[in-house]
Amino acid sequence: MSDTTQTHTLVIEREMAHPPEKIWRALTEGRLIQEWLMSNDFQPVVGHRFSFRATPVPGWNGVIESEVKVVEPQVRLVYSWGTMGMSSVVTWTLTPTESGTQVRMEQSGFPSEDGPNYKGAKYGWQKFIGNLERVAGGLA
Amino acid sequence: MQAERDHVFRALADPTRRAIFEELTRAGEQTVHALTRHAGVSQPAVSKHLTVLKRAKLVQHRRDGRETHYRAQPDALAPMVDWLDHYGAFWRERFDRLENLLERMDK
Chain A
9 MSDTTQTHTL VIEREMAHPP EKIWRALTEG RLIQEWLMSN DFQPVVGHRF SFRATPVPGW
69 NGVIESEVKV VEPQVRLVYS WGTMGMSSVV TWTLTPTESG TQVRMEQSGF PSEDGPNYKG
129 AKYGWQKFIG NLERVAGGLA
Chain B
145 MQAERDHVFR ALADPTRRAI FEELTRAGEQ TVHALTRHAG VSQPAVSKHL TVLKRAKLVQ
205 HRRDGRETHY RAQPDALAPM VDWLDHYGAF WRERFDRLEN LLERMDK
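So the sequence lines, in the order shown, correspond to chains A and B.
Under our numbering, the first residue of the first sequence is numbered 9, with each subsequent residue one higher.
Under our numbering, the first residue of the second sequence is numbered 145, with each subsequent residue one higher.
One should not assume that every hint holds.
[Unchecked claim] From chain A, some residues computed to sit far from chain B (all C-beta separations above 12 Å):
1. Glu21
2. Glu75
3. Glu80
[Unchecked claim] Here are some chain A residues pointing at chain B (derived, C-beta under 7 Å):
4. Met24
5. Glu43
6. Leu45
[As the list claims (entries may be wrong)] 25 Å max Cα-Cα, derived SDA-like pairs, lysine to any residue:
7. Lys198/B - Asn69/A
8. Lys77/A - Ile20/A
9. Lys30/A - Glu75/A
10. Lys77/A - Trp235/B
11. Lys77/A - Lys192/B
12. Lys77/A - Arg238/B
13. Lys30/A - Arg241/B
14. Lys30/A - Glu43/A
15. Lys30/A - Glu237/B
16. Lys192/B - Asn69/A
17. Lys201/B - Asn69/A
18. Lys30/A - Arg238/B
19. Lys30/A - Phe239/B
To be clear, the hints were calculated from the coordinates, so they are not data collected in a lab.
A quick note: this is a predicted structure, and the numbers were derived from the prediction, not measured.
For glycine and all other residues, C-beta sits at the position ideal for the given N, C-alpha and C.
Isolated chain A (complex conformation) (with noise of 0.2 Å):
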């Protein structure tokens, strides 16, 4: 907590009674990804730029603008996460347990496009601006 200020990250962990075989299709192929998050014409090829497309309300156009940064099948998957100005990285990690899957989410990084004005914010600009992410997606 030594600068808080610097990076906004969100990170959201859960064991899933399910191998990570399984779990990483859900992660990968484009018309399971769509069952459970948004619909999409993603890739899992790294450098592939796609979009998840969300129903549009006023302010916000629905679109979530993504590059695949990394691809460790069934280990890890990296993609850039970008909406209304701002852009982050989410970060997915599958690791092995005795039951099933230890599954990690991990959206960090938030934009440099306004300068290291940041610091010295009162009020966690940072923090605001990811929570302003969070609810890009979550108006979905």
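Got chain A; can you put chain B on it based on the hints?
Same frame as chain A, but now just chain B:
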């Protein structure tokens, strides 16, 4: 309440307006001239952005002779933040959906 949130949300969806609001929060009250130097866009553009921020109650202004001074009102973020917290559950809800899907994939 809904209208207020829409104003705040829209006002801050634009990077230039976020930069102006952030600058006012960081550096305190400033004139349009000073903000224009900082923003890197024309003065009419800055004034337009300030009007949007004003409508969202994110800034207040006062006149002093020919100059208008603006200052940030971060409190205006409060209703927004409450609302945002409500949606903090987004990924958890998606985790639930993912688990449901995994159950169905068994069949």
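Hint check results:
Not every CB of chain B lies more than 12 Å from the CB of Glu21/A, the least distance being 9 Å, so the non-interface label is violated. With a cut of 12 Å on Cβ distances, Glu75/A stays outside the contact zone with chain B, its closest approach being about 19 Å. Residue placement check: Glu80/A keeps its beta carbon more than 12 Å from all beta carbons of chain B (closest about 19 Å). This hint holds: Met24/A has a C-beta 6 Å from the nearest C-beta of chain B, less than the 7 Å allowed.
Interface hint status for Glu43/A: upheld, as the beta-carbon distance to the closest one in chain B is roughly 5 Å, under 7 Å. With a cut of 7 Å, the hint placing Leu45/A at the interface with chain B holds, because the nearest CB-to-CB distance is about 6 Å. Between Lys198/B and Asn69/A the CA atoms are separated by roughly 24 Å; this keeps the pair inside 25 Å, and the hint holds. Our distance criterion of 25 Å between C-alpha atoms is met by Lys77/A and Ile20/A, whose separation comes to about 20 Å.
Proximity of Lys30/A to Glu75/A is assessed by CA-CA distance (about 23 Å); at most 25 Å being required, the pair is judged to hold. Proposed proximity of Lys77/A and Trp235/B is supported: the alpha carbons are some 20 Å apart, at most 25 Å. Between Lys77/A and Lys192/B the alpha-carbon distance is near 38 Å, which puts this suggested pair outside the 25 Å criterion. For the suggested pair Lys77/A and Arg238/B, the alpha carbons sit about 21 Å apart, so the restraint of at most 25 Å is met.
Among the hinted pairs, Lys30/A with Arg241/B is consistent with the structure: their alpha-carbon atoms are about 15 Å apart, no more than 25 Å. The straight-line distance between the Cα atoms of Lys30/A and Glu43/A is roughly 14 Å, inside the 25 Å bound, and the hint therefore holds. This hinted pair checks out: Lys30/A and Glu237/B have alpha carbons roughly 19 Å apart, not beyond 25 Å. A hinted pair counts as satisfied when its Cα atoms are at most 25 Å apart, and Lys192/B with Asn69/A qualifies at roughly 22 Å.
Between Lys201/B and Asn69/A, the direct Cα distance comes to roughly 24 Å. Compliance with the 25 Å bound is thereby established for this hinted pair. As the CA atoms of Lys30/A and Arg238/B are separated by approximately 17 Å, the hinted pair is consistent with the 25 Å bound. The hinted pair formed by Lys30/A and Phe239/B meets the criterion: a straight-line CA distance of about 15 Å does not exceed 25 Å.
Going down the numbered hints, you'll see the structure goes against 1 and 11, while the others check out.
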